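Undergrad: Chains V and U, in that order, give the protein sequences. Numbering-wise, the working numbering comes out as the position in the first sequence, counting from 1, plus 4. Numbering-wise, the working numbering comes out as the position in the second sequence, counting from 1, plus 88.
One should not assume that every hint holds.
Pairwise CB distance ranges, derived in the manner of DEER restraints [as the list claims (entries may be wrong)]: (1) M172(V) to T128(U): 40 to 50 Å; (2) G123(V) to N106(U): 38 to 48 Å; (3) V18(V) to C119(U): 37 to 47 Å; (4) L176(U) to G94(V): 44 to 54 Å.
Calculated from the structure, these hints are not laboratory results. All values derive from a computational prediction rather than experimental measurement. Ideal placement from N, C-alpha and C gives every residue a C-beta, glycine not left out.
The residues making up each chain are set out below.
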Amino acid sequence: MTTASIERRWDGGVSPFGVSWQKMMMWWFIVSDALLFAGFLASYGFSRLGSDTWPDRSKVFHLSLITFMTFVLTSSSVSMACAVAAARHGDHAKTKRFLFLTLLGGLLFLGLQAYEWSGFIAQGGRLWENPWGDERFGAFFFMVTGFHGTHVFIGILLLLITAIRAGMGKATAAGVELTGLYWHFVDLVWVFIFGCFYLL
Amino acid sequence: MTDTIAEPTAVAAEAAPNYAVYLKAWVVLLCITLLMVAYTHTGVLIAGMVAKATIIALWFMHLRYEKRDFVLYILLPIVGVALLLFGLIAPDGLAM
Numbered sequence: 005m006t007t008a009s010i011e012r013r014w015d016g017g018v019s020p021f022g023v024s025w026q027k028m029m030m031w032w033f034i035v036s037d038a039l040l041f042a043g044f045l046a047s048y049g050f051s052r053l054g055s056d057t058w059p060d061r062s063k064v065f066h067l068s069l070i071t072f073m074t075f076v077l078t079s080s081s082v083s084m085a086c087a088v089a090a091a092r093h094g095d096h097a098k099t100k101r102f103l104f105l106t107l108l109g110g111l112l113f114l115g116l117q118a119y120e121w122s123g124f125i126a127q128g129g130r131l132w133e134n135p136w137g138d139e140r141f142g143a144f145f146f147m148v149t150g151f152h153g154t155h156v157f158i159g160i161l162l163l164l165i166t167a168i169r170a171g172m173g174k175a176t177a178a179g180v181e182l183t184g185l186y187w188h189f190v191d192l193v194w195v196f197i198f199g200c201f202y203l204l
Numbered sequence: 089m090t091d092t093i094a095e096p097t098a099v100a101a102e103a104a105p106n107y108a109v110y111l112k113a114w115v116v117l118l119c120i121t122l123l124m125v126a127y128t129h130t131g132v133l134i135a136g137m138v139a140k141a142t143i144i145a146l147w148f149m150h151l152r153y154e155k156r157d158f159v160l161y162i163l164l165p166i167v168g169v170a171l172l173l174f175g176l177i178a179p180d181g182l183a184m
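All chains, please: the whole structure from these sequences, using the hints.
TA: Here it is in structure tokens:
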């Protein structure tokens, strides 16, 4: 590549990555947020590997409930992908319908998580102590699933706004795609929480 | 500045939305999930998590359709730091 063509490529006005600034910002947020959760799960791994009294997850969690929660979140992610596809096609009615389905999935997931938390607390699980073993277990449980649940809650607000805008015919394909990126990321994080926290 | 500003978003209307590909991804994701629940062997779990994350990132988050430079720009920091954290720092717990 000659110097002149390099200059032309970088001389402002050209988008070397071929994405809008909105999408770039969302991806930067996703990168930083992914590193936050990577830090959580790595510190969880560190503490668990260094502990002799780490609780047996099968004695604490109801795996069928968690698997169902995973199913709900995965399904909502699929309907979100369909909403993005419908928005690209300019189909506002379908976009709204798929966003509504996604929203329902998010609400169901959050409700099930509230149910799981109340069960955990009723059994004596606390931030600083728990009846099953290492006291750090409760702290990690509440911190990791709590941060994820907060992300789901924010995602629900975003979905609500996007669905209302789609209902008014004001949602743009790019806007729905941004909400989609966030929602898929929330699902992506759950893949690792489910694997590392509940199954491993 | 004779360059025209490149249209940065790839939101050009598609001929018809391809929902089938997402349904296929759904089935594959659920199968992997069931496999992980059935065989909680560490190797299976790590492979399952990586496979699910790859499907979500490439198909749902559309990284398949972005420029290669952008994909590297996004993924290298995440994968690099995650490998550092999980490969080098978390195992230090064993020495505690």
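Undergrad: Hint by hint, say whether it matches the structure.
TA: Hints, verified against the model:
1. M172(V) to T128(U): 40 to 50 Å: Taking Cβ atoms as reference, M172(V) and T128(U) lie about 47 Å apart, which means the hint holds.
2. G123(V) to N106(U): 38 to 48 Å: holds, 41 Å
3. V18(V) to C119(U): 37 to 47 Å: Distance hint for V18(V), C119(U) holds at roughly 43 Å.
4. L176(U) to G94(V): 44 to 54 Å: holds, 48 Å
Hint compliance for this structure: every hint is met.
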